[in-house]
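Each chain, written out:
Number of protein chains: 4
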Amino acid sequence: MCGPSDCTDAERDAAYEVGRLLAARGAVVLCGGYSGVMAAVAEGARSAGGMVVGVLSRADREGAAPGLSAAIATGMGEARNAVLVASADAVIVIGGSWGTLSELALAMRRGDVPVVQLGGWQVLDEHGEPLPGIRRAETPEEAVRLAGG
Amino acid sequence: MCGPSDCTDAERDAAYEVGRLLAARGAVVLCGGYSGVMAAVAEGARSAGGMVVGVLSRADREGAAPGLSAAIATGMGEARNAVLVASADAVIVIGGSWGTLSELALAMRRGDVPVVQLGGWQVLDEHGEPLPGIRRAETPEEAVRLAGG
Amino acid sequence: MCGPSDCTDAERDAAYEVGRLLAARGAVVLCGGYSGVMAAVAEGARSAGGMVVGVLSRADREGAAPGLSAAIATGMGEARNAVLVASADAVIVIGGSWGTLSELALAMRRGDVPVVQLGGWQVLDEHGEPLPGIRRAETPEEAVRLAGG
Amino acid sequence: MCGPSDCTDAERDAAYEVGRLLAARGAVVLCGGYSGVMAAVAEGARSAGGMVVGVLSRADREGAAPGLSAAIATGMGEARNAVLVASADAVIVIGGSWGTLSELALAMRRGDVPVVQLGGWQVLDEHGEPLPGIRRAETPEEAVRLAGG
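Protein chains in written order, with my numbering: chain A, 1 to 149; chain B, 150 to 298; chain C, 299 to 447; chain D, 448 to 596.
It is possible that part of the hints are untrue.
Unchecked claim - These stretches of chain A come out as covered by chain B in the derived footprint (C-beta under 8 Å, 3 or more residues):
(1) 14-22
(2) 69-78
(3) 96-102
(4) 115-122
Stated by the list, open to error - Okay, the calculated bits of chain C under chain D, using three or more residues with CB under 8 Å as the criterion:
(5) 365-376
(6) 416-424
Read the hints as simulated data drawn from the structure, not as lab findings.
Note that beta-carbon positions come from the ideal geometry of N, C-alpha and C, so glycine has one too.
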């Protein structure tokens, strides 16, 4: 689950619900491990008794979300976005930021996992057309369903 | 300098010219080190006697462009995109691909270097507006000038 | 918990017991996630109902130990040794291999976590003296106790 | 070329000479890019007109040695040791530190490049015997010769 620290209340609520639904399906939730969308998905997953692993950019746990079951302090800076995306069976993106877009792009670059977007930014090709391949969801339920394979 | 393996002839020509102009200004050129836009920028820089360092995703040099002065075989897969972008004083993006977009996004995420785009994909925010901050160039000359600080 | 794929039965048994004892204390166990010592510590931790996160070198889960609660497929090759060590509150090393030694060295390089060695290789300084700072344990119980701070 | 920031004058002199000899043979020198042995090898290589690439642990160039032809600011912390070692055709180790030992171990873990040690620490196996495979040199000339394949 990817998304920005700096998010709207609606994005936070959607992330919480996505976390809850993923945990209810027995999925282990991976996220970036800090505030905003990342903390909300962790909280949602924990509310359903799920496991959440935070893949942190820092080499320590400073600023890590409280609801993580485990934290991987990669110490790699934004290169951790690639680690996070490489480790997932599906990628759900909520909201928009440059870091979040890098995760969306790296997930599409992989080419072998479902990539679902709930709101957020949009990418157009050189002709102004939306790029194909991203599954767009309107609700947390639809996002989790589309991520399910 | 960031750009895709799979590119048009026009993108290849632009990359060659960007490499040549950067080397003529005495800049060390960093690139992803493989084919397409990456090989063209290396060739252009070498044509002007410049130094080109390829930051490779693989742990060996298989498939590396011939014109590299040195290759850093990171063995990190797409996480090398973050390393490449973190090491640059300015980022020029030519053409579009998901890997290239991840580099554009990581460069904007840094927030402390000029990011110049010559053609390629476009990113819109949640309201359908172009994101501010990317410098758009029409020619290799303009790209190199805008990257100059 | 660090150790080689290729290990003796005694090392495997010790690793299983270390995993069991760590899980019994409520610790989340991090390991390299493959066979040998890594698989044994995972199995031991799972036998006590514990959580085990495998920090894999590959970008997929091929060859991952069966007992992992979650796998982080870093795709970074041996650079994942640094990620594993950076993420731990204490490092217990069982057995010897070059990969394992790199983890021991990176843990000592950190300087801010207990590093415990149960058997395995030994490092001498330029005068032939053992390097100070590594806590040597004779049994799994002692290893877990020494790791406890 | 791997070695510690904190080194003796003899190690610094040896590193300078190794750098000079490598550059005289036309080799591109890779090093960790900071002070001590790393700065000395860079200075030696530059004195012979050679190219030196510093693979830095930080995400910026703070503290980088002055003699580098190019710097790769990996921002990966000690994981850059793995990147440095993965990118080399041969690894020469001068002096001892935990970071340096991690590089020696990662180079031996690779198994496909010559690893040469000039002074520094020593590794014994579980029976107290020196591990085979490391080429020990007495002089900079011998180190460069042994690294040559």
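- Message: I'd like to know which numbered hints this structure contradicts. Please list them from smallest to largest.
- Response: 1
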